[in-house]
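Q: Single-letter residue listing:
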Amino acid sequence: LLLLSPSLECGAEMCKTAGSCQGCLHYVFDYETPKTLVIPNIRVGCVFRFTQLLVVLYVVGYVCVVQKAYQDTDSVISTVTTKVKGFAFTNTSDIGPHLWDVAEYVIPPQGDHSFFVLTNMVVTPEQTQSRCPELPNPSTTCVDDCDCIEGHSDPRGNGIQTGLCENYSTTVKTCEVLSWCPHEVDTKRALMSAAENFTVLIKNSITYPKFNVHRSVRNILPHINSSYLKMCEFNRTSDPDCPIFRLKHIVAEAGEDFQDMAVKGGILGILIDWSCDLDWWAKKCFPKYSFRRLDNKHPVNNVAPGYNFRFAKYYKKPDGEETRMLIKAFGIRFNVIVFGTVRPMRHHY
Amino acid sequence: LLLLSPSLECGAEMCKTAGSCQGCLHYVFDYETPKTLVIPNIRVGCVFRFTQLLVVLYVVGYVCVVQKAYQDTDSVISTVTTKVKGFAFTNTSDIGPHLWDVAEYVIPPQGDHSFFVLTNMVVTPEQTQSRCPELPNPSTTCVDDCDCIEGHSDPRGNGIQTGLCENYSTTVKTCEVLSWCPHEVDTKRALMSAAENFTVLIKNSITYPKFNVHRSVRNILPHINSSYLKMCEFNRTSDPDCPIFRLKHIVAEAGEDFQDMAVKGGILGILIDWSCDLDWWAKKCFPKYSFRRLDNKHPVNNVAPGYNFRFAKYYKKPDGEETRMLIKAFGIRFNVIVFGTVRPMRHHY
Amino acid sequence: LLLLSPSLECGAEMCKTAGSCQGCLHYVFDYETPKTLVIPNIRVGCVFRFTQLLVVLYVVGYVCVVQKAYQDTDSVISTVTTKVKGFAFTNTSDIGPHLWDVAEYVIPPQGDHSFFVLTNMVVTPEQTQSRCPELPNPSTTCVDDCDCIEGHSDPRGNGIQTGLCENYSTTVKTCEVLSWCPHEVDTKRALMSAAENFTVLIKNSITYPKFNVHRSVRNILPHINSSYLKMCEFNRTSDPDCPIFRLKHIVAEAGEDFQDMAVKGGILGILIDWSCDLDWWAKKCFPKYSFRRLDNKHPVNNVAPGYNFRFAKYYKKPDGEETRMLIKAFGIRFNVIVFGTVRPMRHHY
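Residue numbers (the working numbering), protein chains in the order written: chain A, 1 to 349; chain B, 350 to 698; chain C, 699 to 1047.
Because the hints were derived from the structure by calculation, they are not lab data.
A virtual CB, placed ideally from N, CA and C, is assigned to each residue, including glycine.
Warning: the hint list may mix true and false statements.
[What the hints assert, rightly or not] Okay, the calculated beta carbon distance ranges per label pair: (1) 145/A - 923/C: 56 to 62 Å; (2) 934/C - 229/A: 36 to 42 Å; (3) 834/C - 498/B: 43 to 49 Å; (4) 934/C - 666/B: 45 to 51 Å.
Based on the provided sequences and hints, a complete structural model is requested.
A: Right, dumping it as structure tokens:
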């Protein structure tokens, strides 16, 4: 559009002065070209051509070969399955000796890209729906029933107040609440130290949505066979392609201490970076693993650290009354995060 | 490449006419430059330089300062944990008085970026694997056994037909099915109105995958301390940085009514938009919260509204028979969605 | 910047030779324009104008109309809910005749964008925490107690060794382990062939985060009414807009056989590609469905195929002892993956 304007304008001016339509058309179809001066100096000419060569080299060398701008990039569809293995034994007064296997300590059990491994817990067995005095703290202690409001529910408490003031112990009286009783008392914890030796097999397949390719690439590389997969363990130097990771190793690579992290819980990212080059002469596609703690450990203000949640197993007593075992679960949530812009050639498929 | 072509062509033509290789080389290394006309008019010159100045200002001012195109943008790795607090009490004929705490009404309990809060339910206690007549509707009513096909299973029914026609009531006969009996009858619902006062603490950390930065930024900003976090509640004007949200407030900000939404269920997005500027002179990074209903409430055709699913708690009777409590759960699924392209300076790390 | 340099350089040189500041300023404000040669040839002029026309047509036709580069693209916020329907009946010696409904075979039950349908399983009922001899294999068989190390735990075994060597059968002795006993023996599987006739309703709403649009678009298109939704089933030719999919059909479209896939399990992607054009004259937005198997079925090396995980249902015996039913679940995980860069006009909202 800009190219047109000068000559059109010029033509328009000429039309006005000439006042004839033929003169106007004449100028519209004139061809203008800049006059050039040819300097037949071989030195100047060489410098000129060399400059042109540099431009060509930049385009071919950097843009095409290094950046591969002729390739179309595409984000990937990734699918991840994980399978944890290992056993842990705890012996607490609450639940007695107990062996933990994968069906119990991995939550949820599906083996998705995000999985939680239980490492520490507060167990409150045999809770039933009933009434009991609140745990004593400034807002729950009372002298008589007048201090307790029927129907009041403190989000940081354990239930809904009945309006009565009951003896919590011989010395302290607290408001009675309707709740799952007895309440959780965070004194005895069952730490599963053995969790550091659990291993996890991560299966990751990637495929390309835009390009109608009906094959996918996976992190179990072609040279890995069943017998290797049965005994290998990821190690950046000796076994960089083994997709089985020892939890302690993952946490250590992220710069953390497993036993420290097991106590309060946390979130750990397993990053899989795919670098794929699908040019016909290259055809290589391999994953690179890295590990990083995703929640803050040492922020300037260490408020609300770690990761925990509560869940319960529900039972029924022979008389039909519902009872539950409440577990406050501390542990490490592992998030498998897959990156990778694949670059198939534009006209390859 | 375009620069080369005119002179090469020209040279080639000259070669043909001259027929000598020396003449050809001569033209290859000639330097061509356009003849220019210098107009020593200070007015025209000023206009010319001013135009050039505008171009320079655009590049420096808009592209560099406003758009910060020299910075490399990068999408973030985000990790979210959520923790709901609050109690609700229901009293229905099915399950009697019941206090609901977080371990019961948050599904799944892990506190992931997507969590569901139960607000309304149809409870069918004491189901067992047995045979019972179907709920009456046009496709299940029958006159005699000939109307029922053994092995037939209607996806909208409750089980697999046994081929018998049984009395559902004194007036209606329906096909008998092998199923979890008794069937769910959607008449009495237990609405948990108190759910609107539940609060949720959202912890969100972001980190940058591309840049090898081993620190993350989180939505619990440096100036938030433990005592503030114990009592604060998000409010766009008074407490815009508090990461604790009252469910009623979230739903109201999305332009919906909590009690309406609680009945049929729905999906609500909690959007966290990070605007980070990591230039050394700026170094600020803070989250902006917004809320939006993600499923359709008033579409042109209000087909299949709301959100619900069925789950069950399994028990065993003293005699070993399996029994379950089926719950059709209506509620609000909250999805925490994190945006943010961080712009660390290219050579900063 | 490039425009400035030649004349500045030229000016600088002139300044040096003239040695006067006035001469310098003189050259700074001179206006240079290339001399042009006007060729009043109508043929050459036509070719010249035609070339300009091609450039204009490319800009208007391709860049504006085809690529719509004037529109701003934006990725979408998508929310998905899924609801599976159907029944299956199994009859195995382990758990006897059993009818499976959606609350049992869909894991997790929430109906998220990723859901797992159980198709095959190994059930180990009545496991309790106790001691029993390991399943015999080269690493667990023993002659006497010396072959068993107390506290040793093989990740591929079933528990923690007690140090005793016990009779597994009359002919084989294996190390005793502390474990959930009896151990899972993978001999009898309960295949749910009827799962191929399950249907799934997928509800998908998309909305745009950047543009402050408070309406969302969903895959239940405006012309779909309740009665159609009750009876329709997706078919690429006859019912391309019906959001209800028969599992067998999905698997077949992905080029797989359901019964094959049901045995070992696998992962299947349901891809929803939204092509939206929000120009005021177009205003159309519709989803396109496609299906693809995401895990590798026939890789070069078929190591670790399929998809399975273990979960358990926990019970309590009348005497208070905890018992569980362990289920090794094989099945198909369906991942609903939503694409779509919506293009609202830049100043439309």
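Q: If a hint holds in the structure, say so; if it doesn't, say that too.
A: Outcome of the hint check:
The given range of 56 to 62 Å is respected by residue 145/A and residue 923/C, whose C-beta atoms sit roughly 59 Å from each other. Between residue 934/C and residue 229/A the beta carbon distance is about 39 Å. The supplied range of 36 to 42 Å therefore holds. Checked against the given bound of 43 to 49 Å, the beta carbons of residue 834/C and residue 498/B, roughly 48 Å apart, stay inside it. As the Cβ distance of residue 934/C to residue 666/B is approximately 49 Å, the hint placing it in 45 to 51 Å holds.
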